[in-house]
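Engineer: Residue-level listing of the chains:
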Amino acid sequence: MNIALETRGLCKSFGALTVADDIDFRLESGARHALIGPNGAGKTTFVNMLTGALPPSSGTIVLGGEDITAMRQAKRVKRGLGRTFQINALFRRLPVLDNVALAVAERCGVARRMLRAASAHGDVREESMELLATLGLAEDAGVRILDLPYGKQRLVEIAIALGLKPSVLLLDEPAAGVPSLESHRILQVLDNLPKHIAILIIEHDMDLVFRFAQRITVLVQGEVLVEGPPDEIARDRRVHQVYLGEQHHA
Amino acid sequence: MEAFFASLVSVAFHGTALGMILYVISVGLSVTMGLMGFANLAHGVFAMAGGYVLTTAISRFGAPFPLALVLAFAFVAAASVVLERLLYSRLYTASDLEQVLFTIGLIFIAVAVARFIYGTLQQPVVLPDYLKGQFALLGRDFPAYRVFIIVFSAVMVGLLWFGVERTRWGAMVRATVDNRAMAQSVGIDTKRLFTLTFALGSGLAGLGGGLGAEIIAIQPSYPFENLVYFLVVVSVGGLGSLRGPFVAALLIGIADTACKYWLPQYGAFPIYVATIAILLWRPAGLAGRHA
Amino acid sequence: MSAHAGGYSADPRIRWIESLPWIVAVAAFFALPEYLSLGARILIYILYALSLDLIVGYAGIVTLGHSAYFGLGAYVAGILAAKAGIGDPMVQLAAAAAAGALLGIGTGAIILRTKALTLLMLTLAITSVMLEIANKATALTGGADGLSGVIVAPIFGLFRFDIFGKTAYLYCLLALLIGWWLVRKMIYSPFGTSLTGVRENSLRMHAIGAPVYWRLVLVYTLSATIAGVAGGLITQTNQFVGLNVFSFESAGELLVMLILGGVGRIYGAFVGPVVYLIAQDLLAKQFPEYWYFGIGTMLVLVVMFARGGILGILDSILVKLRRRP
Chain A
0 MNIALETRGL
10 CKSFGALTVA
20 DDIDFRLESG
30 ARHALIGPNG
40 AGKTTFVNML
50 TGALPPSSGT
60 IVLGGEDITA
70 MRQAKRVKRG
80 LGRTFQINAL
90 FRRLPVLDNV
100 ALAVAERCGV
110 ARRMLRAASA
120 HGDVREESME
130 LLATLGLAED
140 AGVRILDLPY
150 GKQRLVEIAI
160 ALGLKPSVLL
170 LDEPAAGVPS
180 LESHRILQVL
190 DNLPKHIAIL
200 IIEHDMDLVF
210 RFAQRITVLV
220 QGEVLVEGPP
230 DEIARDRRVH
240 QVYLGEQHHA
Chain B
0 MEAFFASLVS
10 VAFHGTALGM
20 ILYVISVGLS
30 VTMGLMGFAN
40 LAHGVFAMAG
50 GYVLTTAISR
60 FGAPFPLALV
70 LAFAFVAAAS
80 VVLERLLYSR
90 LYTASDLEQV
100 LFTIGLIFIA
110 VAVARFIYGT
120 LQQPVVLPDY
130 LKGQFALLGR
140 DFPAYRVFII
150 VFSAVMVGLL
160 WFGVERTRWG
170 AMVRATVDNR
180 AMAQSVGIDT
190 KRLFTLTFAL
200 GSGLAGLGGG
210 LGAEIIAIQP
220 SYPFENLVYF
230 LVVVSVGGLG
240 SLRGPFVAAL
250 LIGIADTACK
260 YWLPQYGAFP
270 IYVATIAILL
280 WRPAGLAGRH
290 A
Chain C
0 MSAHAGGYSA
10 DPRIRWIESL
20 PWIVAVAAFF
30 ALPEYLSLGA
40 RILIYILYAL
50 SLDLIVGYAG
60 IVTLGHSAYF
70 GLGAYVAGIL
80 AAKAGIGDPM
90 VQLAAAAAAG
100 ALLGIGTGAI
110 ILRTKALTLL
120 MLTLAITSVM
130 LEIANKATAL
140 TGGADGLSGV
150 IVAPIFGLFR
160 FDIFGKTAYL
170 YCLLALLIGW
180 WLVRKMIYSP
190 FGTSLTGVRE
200 NSLRMHAIGA
210 PVYWRLVLVY
220 TLSATIAGVA
230 GGLITQTNQF
240 VGLNVFSFES
250 AGELLVMLIL
260 GGVGRIYGAF
270 VGPVVYLIAQ
280 DLLAKQFPEY
290 WYFGIGTMLV
300 LVVMFARGGI
310 LGILDSILVK
320 LRRRP
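Order-wise, the sequence lines are chains A, B and C. In this text, residue positions in the first sequence follow numbering that gives the first Met the number 0: the first is 0, and each later residue adds one. In this text, residue positions in the second sequence follow numbering that gives the first Met the number 0: the first is 0, and each later residue adds one. In this text, residue positions in the third sequence follow numbering that gives the first Met the number 0: the first is 0, and each later residue adds one.
Hints are computed from structural coordinates only; laboratory data are not their basis. Hints are supplied without guarantee of correctness; some may be wrong.
Facing chain C, from chain B, some residues (calculated, C-beta under 7 Å) [what the hints assert, rightly or not]: (1) Leu96; (2) Leu100; (3) Phe101; (4) Ile103; (5) Ile108; (6) Phe223; (7) Leu230; (8) Tyr271; (9) Thr274; (10) Pro282.
Chain C residues, not near chain B, derived (Cβ > 12 Å throughout) [claimed, not checked]: (11) Ala30; (12) Pro32; (13) Ala93; (14) Leu157; (15) Phe160.
Each residue gets a CB set at the ideal place from its N, CA and C atoms; glycine is no exception.
When you get a sec, could you build the whole thing from the sequences and use the hints?
Structural biologist: Laid out in structure tokens, this is it:
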């Protein structure tokens, strides 16, 4: 199998506080991989280092065979690294279509065009509409995010990332805040994501993780505790110990 | 050489006096901006109001100077509570642009009211006899009023720092500046804290405006003309910090005095350029945490 | 005249109602010949407000320093005319535009690395620096006395600036028409949409790989260029430049005009200056105290109750009317 994304000895500390400690991690092409761990385990820090929002203290990040450790965020996106946010990061006063079209236009390199109208870019519009249709959002294309139900906002979050046609997609708690009745809709969308995209999902909802992931990495206090297929992780005693404490306030 | 040394001492002295005034006026702005995230451009209005209260109390009602200072503080603090409850508090969650516009609106109103009541002329400050003379120290004469400014401000600053470091109120302020959500969840009544802190900061501005009425002239366009200085102190010092703005205020006070003394042909140009340079070097200010 | 938001589903064609400002402007030319100098001033301020709307309303950059570019344009045109003996209005205007652009890219590249209060502070500091330079470089600028003796040759050697202000009015109207057309085009383009994206959520714009900083520098430069042109126009029509072009009050006033009309909707920049400058002409000289009190109160009220400005109010009235059976 090809390695889509890899970290070697990735560390991050803020002063005396170490939030990522020597993380070696591999994401294979087309993988369905989950990153779990109790609150404060450093999951979001890890994602932020992968995307370039946060510079690591040491270690390297390799995307598709290329060292991207020092690369700016925008360039990593161009190299195929997409992400979603745990707390919706949408363009709230813009319609759903524009939310996605902004990403599509960035990817196609037309976003800086100044003289032709945005709506005259039929290719961007069509691609965005198709994408929305696959997520069941076609009818909401003209609705502003402000006026959209929360569950659908979570889908727009994913749609924007898909507009970048990523080869690696980082999903930061895609079901966060979604009532369990609606979360099956999220899972449905996740199941139907194109198979060639390598997906790393960070999620607290263990049902979702175990139904979706083929491989699981457990992060505790900035360190990789264990990695393996779901059934192994489910049996692992150390994971149980970590999560027993977590159950009370999860 | 002796002449140069004399002017050096003089510049340092006058600069320190100006710096102290700038600090007393601006520290409230730093705290409210850090605490509430409110871009209060109208802070200078409070300082101006303090100046008018002081000059009016003395020249119209014959109040003694110390009482006039107390009145400047008390009156402005009380008025700011009304403003905070009625208007400011509604805009805590508004965008920067809205806060900026709202406070510019307040400046316009204050300028108009001041002009209406007092006319456009600068208000004269009648000093008591004991602050008029010279104060001899180490064989040099210093204007007694400025010595008083420095000593009095230093005492105020000491009290303030002590209050913030050692009192329960100070602990709550520090906690809330650090993390508002956390502070609320441990039961700090942030609404009351905001009002109190806002009143204290505004009162101090009033006090500073009154105290410095002879250095920074009290006239209607005061909040516009001096806004840049107050903002420079706060942004160079670092939002929400107590000590950063103190260093910044002294630096600016001394640098401004030095420029006016030695480089009058450049006006305030060097100050602004230095400000720009410092903010580029440390965008969150000297004491900023995000730099 | 609803908000002009641009975007991938917005129809960029010009609607009939958008001809209204131009009809009014031409009608005013014939109907109110004694007010043409005020009219030219209004047209210039519309162009100036339009440039500000581009960065404040669309890109979401809060600035108090836009007068730096307006003032520079004004002085460059003035200095060319009064000191360098270059009377051609097109050359003056081009120089004002170039100066605005250069200062815009230079300062924009610096200040747009920062955010929020620091950015606001830097815009203020830059304007203050410009004011100090204009104040102290008396040989070029005339300092506090202002720069007089500005001579403007006939446009293309044909149209002389007359004492009634007819030429100046039409000249400014033409400049505004070109400026409006460009700004409108930009707002409806993918570039304009990406600016609203930055305004709405710059974090996400970074995450979709947009070069946010360069986009902002670009729009800031374009805006500064237009402001420079507006400054050049004000010099040419007044034939005088004073320090007040750089003052904080004037930057504040411009923001007031834009907010009054409505931010981020193109035509707010038309309505605001018209209402503001006409009201100022009628009231300010007789009642200066009440005037400042009035704008202050209005600003507070707009922020508290009518964040969309006059056009925002019109919008909501229209919506209500339509909802009625």
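Engineer: Hints first: check each against the structure and report whether it holds.
Structural biologist: Status of the hints after comparison with the structure:
no. : hint   : result
1   : Leu96  : holds (5 Å)
2   : Leu100 : holds (5 Å)
3   : Phe101 : holds (4 Å)
4   : Ile103 : holds (5 Å)
5   : Ile108 : holds (3 Å)
6   : Phe223 : holds (5 Å)
7   : Leu230 : holds (5 Å)
8   : Tyr271 : holds (5 Å)
9   : Thr274 : holds (5 Å)
10  : Pro282 : holds (5 Å)
11  : Ala30  : holds (33 Å)
12  : Pro32  : holds (33 Å)
13  : Ala93  : holds (28 Å)
14  : Leu157 : holds (43 Å)
15  : Phe160 : holds (34 Å)
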